[in-house]
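A.B. asks: Those protein sequence lines, which keep their order, are chains V and X. Going by our numbering, the first residue of the first sequence is number 6, and it counts up by one from there. Going by our numbering, the first residue of the second sequence is number 6, and it counts up by one from there.
If you are wondering where the hints come from, they were derived from the structure by calculation, not from laboratory data. It is possible that some hints are incorrect.
As the list claims (entries may be wrong) - Pairs of lysine to aspartate or glutamate residues, derived as EDC-like cross-links and limited to a Cα-Cα distance of at most 16 Å, are as follows:
{"hint": "1", "chain 1": "X", "residue 1": "Lys358", "chain 2": "V", "residue 2": "Glu56"}
{"hint": "2", "chain 1": "X", "residue 1": "Lys280", "chain 2": "X", "residue 2": "Glu14"}
{"hint": "3", "chain 1": "V", "residue 1": "Lys358", "chain 2": "X", "residue 2": "Glu82"}
Claimed, not checked - A few chain V residues that don't get close to chain X, going by computed Cβ distances all over 12 Å:
{"hint": "4", "residue": "Asp101"}
{"hint": "5", "residue": "Ala119"}
{"hint": "6", "residue": "Arg200"}
{"hint": "7", "residue": "Glu263"}
{"hint": "8", "residue": "Glu267"}
{"hint": "9", "residue": "Lys280"}
{"hint": "10", "residue": "Trp297"}
Backbone N, C-alpha and C define an ideal beta-carbon position, used for all residues, glycine too.
Protein chains: 2
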Amino acid sequence: MEARETDHEAWVAQLHARISQLLEEGRPRKAQIILEALLPADQAEIFSDLEEAEQKAVLQGLPLEDVADILEKLEDEEVAAIAKWLPPEKLAAILDEMEPDEAADLLGDMDPDAAVRILQLMKSCDGIRPLLLHPDETAGGLMTSEYLALGRQMWVERALAAIRNWESAREYFHYFVVDEEGRLLGVVSLLQLLRAPAKAEVQDIMDRNIVSVPLDADQETCAQLMSHYDLTALPVVDENRHLAGVITIDDIVDVIEEEATEDIQKMAGSAPLDKPYLLTSAWYVARSRVGWLLILFVTSMLTANVLKHFEGTLSKMVSLSFFIPMLIGTGGNAGSQTTATIIRALGVGEVDKRDVLKVLWHEIQVGLVLGALVGAVGFLRAWTFDGNAAMGLTIAVAMFLIVFWANSVGSLLPLLATMLGVDPALISGPMMSTLVDATGLFIYLTVAQVILHL
Amino acid sequence: MEARETDHEAWVAQLHARISQLLEEGRPRKAQIILEALLPADQAEIFSDLEEAEQKAVLQGLPLEDVADILEKLEDEEVAAIAKWLPPEKLAAILDEMEPDEAADLLGDMDPDAAVRILQLMKSCDGIRPLLLHPDETAGGLMTSEYLALGRQMWVERALAAIRNWESAREYFHYFVVDEEGRLLGVVSLLQLLRAPAKAEVQDIMDRNIVSVPLDADQETCAQLMSHYDLTALPVVDENRHLAGVITIDDIVDVIEEEATEDIQKMAGSAPLDKPYLLTSAWYVARSRVGWLLILFVTSMLTANVLKHFEGTLSKMVSLSFFIPMLIGTGGNAGSQTTATIIRALGVGEVDKRDVLKVLWHEIQVGLVLGALVGAVGFLRAWTFDGNAAMGLTIAVAMFLIVFWANSVGSLLPLLATMLGVDPALISGPMMSTLVDATGLFIYLTVAQVILHL
């Protein structure tokens with residue numbers, strides 16, 4: 006286990022090489038024994054790196070539960086690929102061993118006709134059917150139907166016996182309590198049950214102060230609630246408060262990572278990829294980026310108009326154009342620093358739209374300090390470049406104004422987007438650079454006209 | 006509870022207004038009753054929005070455990086502010102009620118003399134002292150010392166009795182098993198204990214295949230392991246494999262959010278803020294950004310040299326300069342899209358440094374497609390702008406080459422950084438724009454010389 010602690014990647018690569026070699030030598034049983042000794046997450050990591058023929062050889066002899074564990078850990082697209090070559094009867098048997106929410110995700114990604122055929126071959130499809138109704142990114146799509154609800158009048162010893170005898174690979178620490186109609190009333194932990202008198206009723210020891218979400222709640226809301234309240238299980242209820250399922254923390258950890266990835270991709274002006282990078286075709290990646298790239302390209306054409314407007318000034322002094330990329334690039338950088346900070350503060354809830362004035366005042370101060378510093382360095386640069394102090398002064402004043410302006414725009418844009426109900430991550434980065442580019446050129450050349458009398 | 010599901014913020018604001026009003030009317034007891042009915046996360050959210058005088062009035066009458074719960078949920082800086090005006094005896098009594106890892110964080114942030122004085126006033130400081138030795142962002146700083154280790158030869162019924170009688174507000178589902186010297190051997194869940202025969206030994210039912218981290222493991226490593234293996238508790242061991250503490254999933258959820266924030270801020274070229282935005286002074290924010298802003302400003306001065314090199318070409322045709330911002334801006338955008346995708350893929354482990362060639366080939370294809378599209382639009386724009394087809398051709402060819410080049414550089418930079426052991430998030434965004442700016446200008450003006458015979 007030491008290897009896993011020090012260099013997980015190298016350890017996995019080594020095991021992968023060993024298993025590949027054993028399969029090549031025609032010793033699949035030996036390869037399976039190595040795999041079976043690993044934790045499911047590692048089994049899946051190694052399995053996913055094998056060639057299709059190797060995967061087939063390994064799957065042949067592995068116990069169904071192990072196969073189910075591996076498929077649960079793989080990316081949806083990898084499972085879909087495997088589902089295509091597995092015989093339907095085998096696939097149905099594997100799905101029977103999988104957790105219902107994972108099985109439902111897999112069936113939801115399949116061709117509908119194939120999914121129906123597989124469902125008919127399955128033994129335990131009752132828990133899965135209702136899960137197929139909800140979109141993947143909602144509470145209904147995230148929850149599992151494999152949970153044990155306790156009746157409110159159950160004695161503690163009966164509840165403990167029910168938990169002990171419950172036939173499920175899923176282990177819970179919290180159990181939800183429902184009334185006679187199945188409506189959610191409270192929650193009780195296994196430890197609370199262990200510590201309570203045997204003949205007490207569950208409703209007398211449960212916590213009634215609980216947080217739940219409706220079936221159509223967005224996955225981001227679920228993640229924020231579980232993080233805010235430090236929950237490990239979140240109950241999902243229908244419109245009549247009937248308990249419909251439970252979301253567990255391991256699924257939410259994946260959601261938190263997914264949402265951060267989406268924010269990062271949107272901030273860089275590309276539509277989020279919903280698959281792992283290397284599994285996504287170049288064509289698909291290009292499609293996810295082309296929209297924003299073209300929108301920004303077309304808006305950036307505005308800069309050509311601004312420059313044409315100053316054609317007379319520019320032709321009088323060609324060296325003015327030397328500083329264009331430096332000035333607008335720095336303006337864009339200052340603006341990006343600001344938007345990234347504000348967008349993330351909005352995302353984790355440190356700031357909300359009521360804080361507009363506080364944030365603006367904050368960034369005005371930051372803009373003054375940074376503008377003054379960058380302006381001073383700009384003066385030195387332009388002066389030494391041309392030996393022209395008036396040029397140095399022009400760059401210094403323009404740089405100061407552009408950075409100050411970029412900070413103000415950069416702080417207002419994301420807050421404005423939030424007020425209009427638009428995702429602020431979409432407005433950041435490139436969008437704001439393009440805006441600052443055009444206005445920055447206007448500032449620069451106007452300052453040049455005034456100071457250099459052009 | 007419905008309000009919490011639909012609009013959490015409005016509900017909190019309403020409670021906050023009610024509590025403020027009660028305090029103003031001199032009815033702190035009533036305000037406390039409302040607070041006591043809430044979950045700790047909500048108590049803390051409301052408490053943190055109160056004025057200092059209001060906080061004092063509320064704290065006066067709240068039970069010590071409630072105060073401890075609230076302080077655990079507040080930001081470190083807010084707790085530090087409160088610790089300054091609380092009488093030392095009261096603070097010590099509150100710390101006695103807090104979880105040891107949270108208490109150690111608070112003491113670690115205090116002035117060392119004050120912290121020593123408080124420690125002397127505390128009753129239960131034994132668990133805290135060792136935690137003070139480890140940096141906040143390592144496994145040792147994240148772990149709690151409040152856990153129950155089971156001896157390997159313990160009978161199941163004895164283990165269950167020990168768990169039942171353990172006096173701690175902390176509830177665990179997994180318990181770690183140690184040998185006579187306290188060395189970590191395995192893990193057992195409460196449910197496994199419940200299902201096992203009363204006289205079985207713990208070592209016969211425990212899982213031996215466990216994941217652990219050393220005291221100095223980075224918090225990001227801990228987060229990746231807990232996410233990869235779907236763990237809710239991660240044991241921390243010293244160099245002799247003695248169990249030293251346990252990291253729980255709620256702390257890791259915070260770490261995952263923190264690390265994503267850090268990545269986003271670094272990608273926008275600013276040092277990460279370690280406090281919530283509005284609690285950070287403008288001066289501190291400016292300091293976190295000025296380093297990168299100046300470095301990028303100074304490197305961007307290179308663009309002035311490139312342009313000066315082409316001074317002859319530019320003065321022959323001033324309209325060439327009109328397209329400069331558009332060309333390098335679009336190159337920067339294409340590059341940012343690429344780096345953001347690759348950095349995130351590296352961050353969540355979808356890609357590693359051995360995938361260099363695969364990634365490069367992928368981005369070369371994407372660059373060809375996007376370059377061709379943007380080049381075509383650029384041709385139309387430049388042609389209609391000037392009525393000059395040769396100018397249109399120049400822009401089209403330059404745009405195609407720049408986008409293709411930006412995609413290749415954008416995919417190689419983060420991977421190169423990883424190979425050199427540098428954080429790839431630092432290389433992205435602005436850094437890569439600056440590089441693409443200078444090289445893009447060179448490409449553009451060389452193409453112009455060739456096509457326009459300048």
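A.B. asks: Taking the hints in turn, state whether each one holds.
C.D. replies: Tested hints:
1. X:Lys358 / V:Glu56: violated (20 Å)
2. X:Lys280 / X:Glu14: Outside the cut-off at roughly 21 Å; violated.
3. V:Lys358 / X:Glu82: violated (23 Å)
4. Asp101: holds (21 Å)
5. Ala119: Per Cβ check, Ala119 (chain V) is outside 12 Å of chain X; nearest 27 Å; holds.
6. Arg200: About 5 Å separates Arg200 (chain V) from the closest Cβ of chain X, which leaves it inside 12 Å; violated.
7. Glu263: Non-interface label on Glu263 (chain V) violated, nearest chain X Cβ at 9 Å vs cutoff 12 Å.
8. Glu267: violated (9 Å)
9. Lys280: Violated: least Cβ distance 9 Å, not greater than 12 Å.
10. Trp297: Label violated. Min Cβ-Cβ 8 Å, cutoff 12 Å.
Hint compliance for this structure: hints 1, 2, 3, 6, 7, 8, 9 and 10 are broken, all remaining hints hold.
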